[in-house]
Structures are given as C-alpha cells and as structure tokens.
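Counting along the sequence shown from 1, when you hit position 58 you're at 87 in the working numbering, and nothing is skipped either side.
In short, the hints are calculated from the structure, not lab data.
In this text, all values refer to a predicted model and were calculated from it rather than measured experimentally.
Treat the hints with caution; some may be incorrect.
What the hints assert, rightly or not - In silico DSS-like cross-links for lysine-lysine, where the CA-CA straight-line distance does not exceed 30 Å:
# : residue 1 : residue 2
1 : LYS136    : LYS52
2 : LYS125    : LYS97
3 : LYS125    : LYS52
4 : LYS125    : LYS136
Said to hold, decoys possible - What follows is a set of in silico ranges between Cβ atoms, one per label pair, in the way DEER data are often shown:
#  : residue 1 : residue 2 : range
5  : ILE104    : SER161    : 32 to 38 Å
6  : VAL170    : THR131    : 39 to 45 Å
7  : ALA126    : CYS101    : 20 to 26 Å
8  : THR94     : THR131    : 32 to 38 Å
9  : LEU163    : CYS127    : 41 to 47 Å
10 : ILE79     : MET140    : 28 to 34 Å
11 : GLN190    : ALA74     : 50 to 56 Å
12 : LYS91     : ALA56     : 39 to 45 Å
13 : CYS101    : ASN124    : 48 to 54 Å
Glycine residues also receive a C-beta, built at the ideal position from the N, C-alpha and C atoms.
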Amino acid sequence: MSSSSSSMLPNPCPCMTLQCGVKVVAAIDAACHAYATAATILVLAILDHIINEAGAGDNIVKSWTLVKVVYCLFIVGRIIGLVMAIVLYFGAQNNKACMGWTWIGSKALLMIPSSISLGSKKTHFKLDVSVSYLSLCWLGVGIYFIYVVFAFIQELRRQGQQQECDEMRDSATATVAPAPFPPQFQLQPSPLTSTDNNDNYGTVPSKPQPSFSPV
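Hey, can you work out the whole structure from these sequences and the hints?
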C-alpha cells in the first residue's frame, strides 16, 4: 500500500497491503501458538510418565511439581496467544483497530517472560546456546509483527480522518449550494382571440346605404 502522506509509517510489507500483511501475521502467530501448546503438552506428559515410572525421590518430585506449574502457565499463555491471533485476523478482515490494539497488548505481555529469561544471567534451566539464539530471533520476529500491526492501525486511523474530512466537505458543499429556480410559466394567447378580432374590437359595422336609381 503506497504512502500518500509523509507522516505515515513506512510499509513493512512492500509485497502486499497492510491488511493482507496483518492477516499473514495472525496466521503465523496462531500456528506457532498452536504448535507450542501441543508440543508443551506432549513433553509434559512424557516427562511426567518417566518420573512416575522411575520412582523418583521426594526432592525430585517437589522440583518436578514446580516445573509442571511453569509448564502449565506456559500452556495457558500459548492458548491466550492463539485466541488473540484469531481476534487479530478478524480485526484485520473487518478493519477494527481495537482488535489490533488488543493483540499488541497481549503480545507484549507474552514477550515479557522471554525477554526476562534471555536477559537474566541465572535462569531456572540452563539453555543451550542455539536455543538462546533461536529465542532471540523469535523475539525479534515478534517485535516485527507488532510493528506491522501498528502500521496497519495507523493506516486505519488515516483513512478514518480522510473520510471525516470528505464528509465535512460534502456537507459544506451541500449547505452553500444554490437553490433551484422556481419554474416559470409563459402565458400563451387564447385560441379564441386573433389579431383580426383585436383590430375590429369596439368597431360598429356600418349599415349599407340604400341606392336610388332614376325612374
């Protein structure tokens, strides 16, 4: 979508419109949240089965209980992200800026734990370097997604302002428009009158004089 104003943000999706770009963002975000939810549930079930079958001690069971709580919170967050991605998709389809702001708020909240985990030197789990870089890249992708949605919201705002200006201009034009002239009627001569009748009007016809002939 081309920018018609210098105050507009650059289009982060040059190969498509911002509306299509936000739909793509919503689809990718929903797919990632669905995959993360399913994978976390599967890993949690497998680890829980292994620990129960191994007959671990009380200390391991207590630690595993804490880990399960963290996993459950992660699953809840992924489900919320999935729902918000669906909300974002329909918001882009119906041009609803409020749905975009809702998604931005939820996305920012879900990115806070990842940011804290990557920025902290001491974490509960010792992550591999490749996993850390992968998380950092996904964090950058999330920031890019937020920028795409924000640019779309600004585009909707600009379109709304332009529509209001057009409506005000149309209403002002309708107010000062000249009123149509009343229909003018042209008098037509009566068919009962004529020029000859008007010329002879008021004239008494003369009687014929008697003529005398000599006898």
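Now for the hints, and whether the structure bears them out:
{"no.": "1", "hint": "LYS136 to LYS52", "verdict": "15 Å, holds"}
{"no.": "2", "hint": "LYS125 to LYS97", "verdict": "38 Å, violated"}
{"no.": "3", "hint": "LYS125 to LYS52", "verdict": "13 Å, holds"}
{"no.": "4", "hint": "LYS125 to LYS136", "verdict": "17 Å, holds"}
{"no.": "5", "hint": "ILE104 to SER161: 32 to 38 Å", "verdict": "22 Å, violated"}
{"no.": "6", "hint": "VAL170 to THR131: 39 to 45 Å", "verdict": "20 Å, violated"}
{"no.": "7", "hint": "ALA126 to CYS101: 20 to 26 Å", "verdict": "33 Å, violated"}
{"no.": "8", "hint": "THR94 to THR131: 32 to 38 Å", "verdict": "34 Å, holds"}
{"no.": "9", "hint": "LEU163 to CYS127: 41 to 47 Å", "verdict": "33 Å, violated"}
{"no.": "10", "hint": "ILE79 to MET140: 28 to 34 Å", "verdict": "31 Å, holds"}
{"no.": "11", "hint": "GLN190 to ALA74: 50 to 56 Å", "verdict": "52 Å, holds"}
{"no.": "12", "hint": "LYS91 to ALA56: 39 to 45 Å", "verdict": "41 Å, holds"}
{"no.": "13", "hint": "CYS101 to ASN124: 48 to 54 Å", "verdict": "36 Å, violated"}
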